[in-house]
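Chemist: Sequence:
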Amino acid sequence: MESKIGVAVFSPRYCESYFCLHELALLTALKKKVIPIFCDVKPSQLRVVKNAKWSEEELRRFRWALDEAKNTVGLTFNSSKG
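full-length UniProt numbering puts the sequence shown at residues 1 to 82.
Hint data in this document are derived by calculation from the structure and do not stem from the laboratory. Possibly wrong hints are sitting among the right ones.
[Stated by the list, open to error] No more than 25 Å apart at the CA atoms, straight line, and that leaves these computed lysine to any residue pairs for SDA-like: (1) K42 with S17; (2) K81 with Y14; (3) K42 with S80; (4) K4 with K50; (5) K32 with C15; (6) K70 with S55; (7) K33 with E68; (8) K32 with L46; (9) K4 with L26; (10) K70 with C20; (11) K53 with C15; (12) K42 with R13; (13) K4 with E23; (14) K4 with V34; (15) K81 with E2; (16) K31 with E56; (17) K32 with A52; (18) K70 with L46; (19) K33 with W64; (20) K53 with S80; (21) K42 with E2; (22) K32 with W64; (23) K53 with E16; (24) K50 with D67; (25) K32 with P12; (26) K32 with K81; (27) K32 with K42; (28) K42 with C20; (29) K50 with H22; (30) K33 with K53; (31) K32 with L59; (32) K32 with E16; (33) K4 with Y18; (34) K33 with S11; (35) K33 with R61; (36) K31 with V48.
Bear in mind that the values here come from a model prediction, so they are computed numbers and not experimental data.
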């Protein structure tokens, strides 16, 4: 990954996606600057919930990366307001 920044677009179902969480964790682990965009969701509403398919280590990485992104100033977008 040669880029120095990444953009994460958070939606209400973002935390259900292994791919999204894995990419976020990878960006965070590589110390990339993550620009969060919260689309129809508030940062406080985002939570990684236990999934039988995911290992405890993956859950830990996903939660850590999500916490890092939630504590970064980002953009918000409400699609109902345009």
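Chemist: Would you mind marking each hint as holding or not holding in the structure?
Modeler: Structure-based check of each hint:
{"no.": "1", "hint": "K42 with S17", "in the structure": "17 Å, holds"}
{"no.": "2", "hint": "K81 with Y14", "in the structure": "20 Å, holds"}
{"no.": "3", "hint": "K42 with S80", "in the structure": "14 Å, holds"}
{"no.": "4", "hint": "K4 with K50", "in the structure": "30 Å, violated"}
{"no.": "5", "hint": "K32 with C15", "in the structure": "20 Å, holds"}
{"no.": "6", "hint": "K70 with S55", "in the structure": "22 Å, holds"}
{"no.": "7", "hint": "K33 with E68", "in the structure": "10 Å, holds"}
{"no.": "8", "hint": "K32 with L46", "in the structure": "21 Å, holds"}
{"no.": "9", "hint": "K4 with L26", "in the structure": "13 Å, holds"}
{"no.": "10", "hint": "K70 with C20", "in the structure": "14 Å, holds"}
{"no.": "11", "hint": "K53 with C15", "in the structure": "14 Å, holds"}
{"no.": "12", "hint": "K42 with R13", "in the structure": "12 Å, holds"}
{"no.": "13", "hint": "K4 with E23", "in the structure": "14 Å, holds"}
{"no.": "14", "hint": "K4 with V34", "in the structure": "9 Å, holds"}
{"no.": "15", "hint": "K81 with E2", "in the structure": "36 Å, violated"}
{"no.": "16", "hint": "K31 with E56", "in the structure": "22 Å, holds"}
{"no.": "17", "hint": "K32 with A52", "in the structure": "29 Å, violated"}
{"no.": "18", "hint": "K70 with L46", "in the structure": "8 Å, holds"}
{"no.": "19", "hint": "K33 with W64", "in the structure": "15 Å, holds"}
{"no.": "20", "hint": "K53 with S80", "in the structure": "34 Å, violated"}
{"no.": "21", "hint": "K42 with E2", "in the structure": "30 Å, violated"}
{"no.": "22", "hint": "K32 with W64", "in the structure": "14 Å, holds"}
{"no.": "23", "hint": "K53 with E16", "in the structure": "11 Å, holds"}
{"no.": "24", "hint": "K50 with D67", "in the structure": "16 Å, holds"}
{"no.": "25", "hint": "K32 with P12", "in the structure": "24 Å, holds"}
{"no.": "26", "hint": "K32 with K81", "in the structure": "31 Å, violated"}
{"no.": "27", "hint": "K32 with K42", "in the structure": "22 Å, holds"}
{"no.": "28", "hint": "K42 with C20", "in the structure": "17 Å, holds"}
{"no.": "29", "hint": "K50 with H22", "in the structure": "14 Å, holds"}
{"no.": "30", "hint": "K33 with K53", "in the structure": "28 Å, violated"}
{"no.": "31", "hint": "K32 with L59", "in the structure": "20 Å, holds"}
{"no.": "32", "hint": "K32 with E16", "in the structure": "23 Å, holds"}
{"no.": "33", "hint": "K4 with Y18", "in the structure": "23 Å, holds"}
{"no.": "34", "hint": "K33 with S11", "in the structure": "19 Å, holds"}
{"no.": "35", "hint": "K33 with R61", "in the structure": "17 Å, holds"}
{"no.": "36", "hint": "K31 with V48", "in the structure": "21 Å, holds"}
Checked against the numbered hints listed earlier, the structure breaks hints 4, 15, 17, 20, 21, 26 and 30; every other hint is satisfied.
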